[in-house]
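**Q** These protein sequences, in sequence, are chains A and B. Just so you know, the first sequence maps onto residues 1 to 432 in the working numbering. Just so you know, the second sequence maps onto residues 1 to 172 in the working numbering.
By construction, these hints were calculated from the structure, which means they are not laboratory data. Hints should not be assumed to be uniformly reliable.
Here are the computed distance ranges between Cβ atoms for each label pair [as the list claims (entries may be wrong)]:
no.	chain 1	residue 1	chain 2	residue 2	range
1	B	VAL10	A	ILE296	41 to 49 Å
2	B	ALA65	A	THR406	28 to 36 Å
3	A	VAL357	B	LEU3	48 to 56 Å
4	A	LEU381	B	ARG169	21 to 29 Å
5	B	ALA13	A	ALA356	51 to 59 Å
6	A	ILE296	B	ALA109	57 to 65 Å
7	A	ILE15	B	THR130	20 to 28 Å
8	A	GLY5	B	VAL23	45 to 53 Å
9	A	LEU381	B	ILE98	36 to 44 Å
10	B	VAL156	A	ILE28	45 to 53 Å
11	B	ILE98	A	GLY5	46 to 54 Å
12	A	VAL357	B	ILE98	55 to 63 Å
13	B	THR130	A	ILE378	38 to 46 Å
14	A	MET85	B	LEU3	24 to 32 Å
Quick look at which bits of chain A chain B covers, simulated, 3 or more residues with Cβ under 8 Å [stated by the list, open to error]:
no.	region
15	114-126
16	140-147
Beta carbons are placed, not taken as given, at the ideal position from N, Cα and C, and that holds for glycine.
Each chain, written out:
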Amino acid sequence: MVNIGFQIVHFVITILFFIFLVATNAVIMVYLERKVMALMQDRVGPKHYGPFGSLQSTYDVLKLLLKEIVRSRETDNAIFMLAPMIFFAPVLTAFVMLPFSPFMTTSALGTGILLYVALSSLDVIGVFMAGWGSNSKYSLIGGLRSTAQMISYELPLLLSLVGVVMLTSFVSHNGIGSISFTDIINAQMHPWWLWFVLLQPLGLIIYYTCGLAETNRAPFDLPEAESELVAGYLTEYSGMQWAMFFLGEYGNMLIVSSVATALFLGGWSGPGADLAFWHAHVTANPGGIFSVADLIFNVIAVFWFLVKVYALQGIFIWVRTTLPRLRADQLMQYAWLILIPMTLLNILVTAVLLLAVPQPYTLWVTGGVNFLLLIGYIILLTRAIGASPKGTLPPWVEARKRAARTGLGAPGLPKPPAASLPPGEPEPAASR
Amino acid sequence: MDLASIVFLVLAAILVGSALAVVTLRNIVHAALFLVLVFGAAAGIYILLNAEFIAIVQILVYAGAVTILILFAIMLTQNPNSRGSNPMNRQALIAAFIAAALCAGIIFALSQNNAISAAASQAVTQNAGTAVAIGNLLYSPTSYSYVLPFEIATLVLLVAIVGAIVIGREED
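So here's chain B without its partners, still in its complex pose (with noise of 0.2 Å):
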């Protein structure tokens, strides 16, 4: 077993360890915490597939935006014991049904055509990852590029922001 397989493991155990306390924890703020350590460690798997911007822009949206928002949002709410705090999930069966299936789905596939992991694998490791790459991929004037849907896409991120602006203004 070479290292990166080792450091793999290491990571996807974190990975799978902490999703779970994420959903079991009884503390949300312990929950919400645990979610960090999810972020964390799917950047690091994101690091070894060689795909470093992504996995810094992992750390940076999910990791250091999204989960400071759903602390923000606890911090803001008035609950003198936060003991509990993390509703009970009531449909625990079928949900866990949900995600053996799921899961036992993805394994078929992957276990069905070795072409296809082969390909992706190769794929992976031909420096896609790198900024410049992604770069010339999303805005280059003169190769093949996907500027205008990135543009679409900016458009309505910028619709949804001032929407929300709108929405949470106080009105005079």
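Here chain A stands alone, though its shape is the one from the complex (with noise of 0.2 Å):
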């Protein structure tokens, strides 16, 4: 029996050790994505504040606590003022389920998945709220393109989880398979290090596209494209405030990594953090008793994740460097034709394998297959990338022209006059 001081204890090193780590990654990823988005594009970045600039976002975090928070008049104040309060709020909660090592974990919560994307369905609320409450046309418009992209991008990104908990399933001992990550993980590290990227690579490929829509990053940016709606749902925040946003921004590039290497990358298991040595230090000595060998254990447990969780937010910066921004209809297109197709494709292939290959070779056959379909997506997302333009339309023309061929007039839009239109007009202008 683990006394109850010990549990408490526990309790709130891991939330302090959840709590400063968002705060910190924050202030961290600043610097990074500076310092490397410089060196990626030959420039210097930051240099003036500390050793090779590394102070810059310690200074901007003492900037944007001591700004001013200005508000513009005729808001809707309680709903302007809770948003980014409401933004964050999940970012934070989403940490009780993941395990950072086997003590670094507030409680093996037995619907982790579930939970995970309950709350980041929650984050659209913050946006939308900080969009409407704004009384901007900028934040309006921004805040619906948020909406509607991370309402479209939380399906994919669900289904891609599918195989996953499947593998679990044919993993375990009696069959029954798990959406709990640290049951998960311990079913990584069953016979050796049989990291799900192995068998699933097509499904970790898809998470992390859908993760880059979530977080709003880019190329999927685009509800804070600076040339055309200022800062999106941002543009009327400042000080602390706008802040909090930013803070939330990162912490869920941290969940999403971390959900990525709890599920694809084995968690915490590394060289000197293996799950069977746990399990005989634990049955060895079952008091709870908090020993330096288990101090040692953890420590390069949380450190194995860490670096993978750093190793995957530095992809999140080297594609943001690279990739050009999505148009809204190409982002709507890519999610709903290109990738819950591919993840349905996916489920299906990897359930039927799972079933008719014989033992020995089940999972090398369902590996090496989805190896083959992940080759098979690329190929099809550069051919999506690189048809041509030629002859195609923006929708907003196709639809008046359909109108104009029809004469029934397209939802929304004015009748258009009975001549063709010119092919460069505006698009008409949209109201609140």
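From these two lone chains plus the hints, build me the complex, please.
**A** Structure follows, in structure tokens:
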């Protein structure tokens, strides 16, 4: 029986660890992002404060803390003030289910993946409130775009994780899978380091793409497209409220990377951190009194987890410097026409292979076929990107031409004149 | 009074208060946002009843999807002034009467037979809320399960989705 004092200390330590991790991660990532982007674009980046400019983001935080919070007139006050907090709260809550090491977790929650998806869908409410409450056209359009984007990419995000859950049911002894992060990480260390990225590379790639879209990062950052929307739903925010949004966004990046690490990259497993060793140790002394060996093991485990998380976050930066931003309609088409069919195909193929292929070859065949699917996906993507835009028109022009042809009038658009439209006419202004 | 009942009372107060706000507030955006709070408090009560899975699905489906759809629809409407956008309910009196009658009926039914509520609470505490138990009950190929009704329900939903796409799509 573990005594209650130990449990309270454990809880306080983990909660403090998560809070400090979210806060410091934002500062570190802002600095890393500037420095790495500068490296990739052949610039110097921040260099004045501290060695290699490493104190730059600390100064930024101080500036943000001291900055006045400006509010425009006629905002919806309660919604405007609450939006940053409602955006940030689910981010912090989501760390409840993540095991950074056997010790560094608040609970072995049985419904980890579902909770993660539920919380990431709550984030949308904060974005909506910011967009609506600001009483500004830029904010409203930005909020609308972000909401649409986050809703559309939630679906392939959830579907891309189904393959992993099916694999846990295959790996476990009794044929019952699990959606708990602790169990999934343990399943990946079952025979040896059987990281699920080896069996579900397509799942990882699609999950990561959807993660980019969920966090509003480049190339899916058109809610914040500076040249057209000022700063999207963030336009009217300043000072610490604005910083709360950015804290939430970097926290979201951290969570997306942590979930990818836990589900696909084996969680905290690595040289020196092995499940069998931990089980042997725990069964040897079940008292729950923390020893030095426990401490060293958990530090190693947390270290491997954070290494993987920061490698994934580095890819976030790399993608941002590499890829151009998508257009709004391309964004939706990518989610609905490419990602969702691909995830459904992945689920079908994985299920059939896990049931049909005889025992010793099952995992080999499943992994191999999934790699082939990944190659197919990449070929599909290059064809979709490289397809000639010749002869295609923006959707609103198509809609108008269609309306002119049928004489029905597209919904939401004024009835067009009889003559065909010139191709360069501006889009009708969106009105509130 | 133990901790669970205190938490329950707090959650119930939040739920009732925000449910009243949904009905009475004049601004429809505020009403929709209070609806999120109602669903969240309901999820909290589910967690108190050990129904972890249902609580999270409640947040995922109702708070995360249904209200977002409502908010999204509000955002797309062209209403320059959102004050007074929640149409006043002209049948408030009848609605209050029906709600009171329903409430009285539920309280009467519960007070009539303590055996039912005792059996229900016992069933709830028997680990029924976990994902594995629900999954076994829905899909298990070996033990007794509801596979066929579930599959029929999914088929109906699929038909509904395809129908919605056909209706919502612009025809050439």
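**Q** Quick one: which hint numbers does this structure break? Sort them smallest to largest.
**A** Those not satisfied come down to hint 9.
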